[in-house]
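Visitor: Listed in order, the protein sequences are those of chains A and B. Once you know that position 424 of the first sequence is 578 in the numbering used here, the rest is easy, because the numbers rise by one and skip nothing. Once you know that position 250 of the second sequence is 404 in the numbering used here, the rest is easy, because the numbers rise by one and skip nothing.
Derived from the structure by calculation, the hints contain no laboratory data. Fair warning: there could be bad hints in the mix.
Identical chains blur together in the list; that is why a pair holds if it fits in one copy or across any two.
As the list claims (entries may be wrong) - Restricting the straight-line Cα-Cα distance to at most 27 angstroms, the calculated cross-link-like pairs of lysine-lysine (DSSO-like) are:
{"no.": "1", "residue 1": "Lys368", "residue 2": "Lys318"}
{"no.": "2", "residue 1": "Lys208", "residue 2": "Lys290"}
{"no.": "3", "residue 1": "Lys336", "residue 2": "Lys373"}
{"no.": "4", "residue 1": "Lys336", "residue 2": "Lys318"}
{"no.": "5", "residue 1": "Lys373", "residue 2": "Lys253"}
{"no.": "6", "residue 1": "Lys373", "residue 2": "Lys418"}
{"no.": "7", "residue 1": "Lys368", "residue 2": "Lys336"}
Spelled out, the chains give:
Protein chains: 2
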Amino acid sequence: LKEYQGVSPISKAFSLKEGADATVRGWVYRTRSSGGVVFATLRDATGVIQVTVKKGAVSDTQFKDAERALIESSVVVEGKIKDDKRAPGGKELAVTAFKLIHAAEVFPITRDQSPEFLLDVRHLWLRSQHLTNVMKARHWIVHYLREFFDENGFYELAPPMITKAGCEGGSTLFEVDYFGEKAFLTQSGQLYNEAFITALERVFILAPSFRAEKSRTTKHLTEYWHLEEEAAWFDNDDNMRLQEEMVSFVCQTLARKQGGLLAKFRKPEELLVVEPPFPRLSYDDAAKKLKKAGLKFEWGDDFGSPHEDALTRDLDKPLFVYNWPRRSKPFYMAEASDGKHVLNADLLAPRGHGEIIGGSEREWDYARLVKRMKEDKLDFKNYEWYLDLRRYGSVPHSGFGLGIERLVKWMLNLEHIRDAVPFPRVINRAYP
Amino acid sequence: LKEYQGVSPISKAFSLKEGADATVRGWVYRTRSSGGVVFATLRDATGVIQVTVKKGAVSDTQFKDAERALIESSVVVEGKIKDDKRAPGGKELAVTAFKLIHAAEVFPITRDQSPEFLLDVRHLWLRSQHLTNVMKARHWIVHYLREFFDENGFYELAPPMITKAGCEGGSTLFEVDYFGEKAFLTQSGQLYNEAFITALERVFILAPSFRAEKSRTTKHLTEYWHLEEEAAWFDNDDNMRLQEEMVSFVCQTLARKQGGLLAKFRKPEELLVVEPPFPRLSYDDAAKKLKKAGLKFEWGDDFGSPHEDALTRDLDKPLFVYNWPRRSKPFYMAEASDGKHVLNADLLAPRGHGEIIGGSEREWDYARLVKRMKEDKLDFKNYEWYLDLRRYGSVPHSGFGLGIERLVKWMLNLEHIRDAVPFPRVINRAYP
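Work out the full structure, taking the sequences as your base and the hints as a guide.
Guide: Below is the structure:
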């Protein structure tokens, strides 16, 4: 296999001068032949280049191979760089040797396929330029998120996936048979993060979370990647400040360092304006605003897409909606002094992209936490360890959870969350 | 809560001069009182410092609080730095204000607890200096692994956790009820990685994998973090070279940049000697060696702990054992030209720590792959998408999987793999 080594990435071939020798390898992206010439484009992980194979310029066998190399066939070609203004990128490769590595069957994906079919052949559709670019951008978004936490002295830890304790209510739990015992796939690593801070103070995890969501929306997956942060001694204001700094850092860094990639999705300037502070609206004020705008909404309701859209339609930066009604939020959120609200905030992405982060100060008092757990009728047996965190050196603390795919959807301005992850899992789909 | 902000990490307090004011916060690590003085040590995420609280130097209420602050109580203290050769680190804090944030109940962990009890209170045992240091080191090990891949142009992707296709045989699959359909928790993201390389060429994933291991050993978890790499156009030699460069980079970087932390586990020099090339032994030669050493072993057998131990007991660097019998390895590994072996390698850690990486060239020919899948009696319905990768532009490629906890166990010289992960999952344990 050594013969495949030492070739140039396609992006580098574009920096070569007219007449230079180049060997590239990759997959046939487009191809047609006409009058003894095969005009094709090849793609690799770095780009797409035009290649021309002329009868006579290569052996007869090689020319026949070039003719029968259907799209997605894998090839290695040698040739000379030629400047050509009509070619994408202004250069093409005039082929002197054409090696067909594998002749593809007729590729099943053509134009105008249904979304369901494209999910069936997701393993092939991932080769599309659109999804390839999404996955590159996702790589960088996750990379910059980690960079932000590194620079701020956070430790990354690994939470368990199989647990006894749900965190966000029983209706969306996936059940696992754990050696004959009933267990669940984690909905969140937050409760574990709250244990980690008693040793490491500032921590984050980036791991899968699971929700058996029965609704089909453009914002829900049953399996998603969850960035969860937790910090000892942080109150809800510190928490919001950390979130807006983090989101701004990722937006700015992606726009500055990966501007060409980002430009395939939206104008990079649109993310450059994302900087602290973000606008803040109390839940109570948001409720008034929604009613005033004529939407059906009662105090205590959660937001649906129309509400998120109404609040963020005209915004360029994400919006914090803080201090939600206690009864609408989970047991672990700290109560405000009025007993009716909690010290929390949801961060809504601009232009109706919806919630990307939920965060709060945590209830750190044993007695108040027990009261909330009783109200929520939780099975104490599975939460004894969590209560221990309030028995032995409890400290004020806050944290948040960010859905990676929701962040990617907003940052890249995608229509549907399923395109923010390579193999989306939604109701009735665990294949491929 | 603003009052808790702006204090010094304990590690910084040690750089202050005699007489300087300092405020630190954390948890009571040890405490005793004698003759109107409370002698305590406090820990935070950065270190441990001695504090003395003298009756009269603080208010009476504060002195009483200092007396009743049992270990693991959370506190904020103000005081003056004093040089004291008897104190750990040579400094102590003479307290002028003692604020008890939360008075802990009697901490349940005392000396000489059983391993089972320590697993029951894992959420508290994580606060021990030993586990705190392990988790810090794990953070850095994972950090340097990612750094290695970044520097070599790899993209990180996210594989699905819930799948239809097993990869390593049916006996260790966990079943999930996926909306009434039978699905499994992933054993490996490799097959998905093989799809990713057709667009991005060099990829890795770092995600949980699951094995319903019924055996209790010091090397197995039911849930572990799996670093899996895959690269288009790489043969098994490229694959082994990449592995030895990666493992060497992580060992050297941890020893050089986190030498103080590493020294709590082993001499940093022991990891500095880990550099390419690693010793290599064919499976056939290994089999001869094992027989010669008098161990019970037949050609075709897998290694057990005694075999791994015999082969690596005297080594300072990991050992590649390559080209295993075809019948002992999974269907996706490429056959050697003799038809009896596969083009693969297992990487064994020195001194009996066991296998840390398994890798191979992949079978990229459609017909040969189908033959192997039939031999293994796989249900083709769940692998059609994987076969597509050999129908449309198949390329030679290789990859490997590394168990993060096994790497951490070896690098930190831990006795048991469960201490390499915060909340270990083993047979009959999914709590806490």
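Visitor: Report the numbers of all earlier hints that the structure fails to satisfy, in ascending order.
Guide: 2, 5
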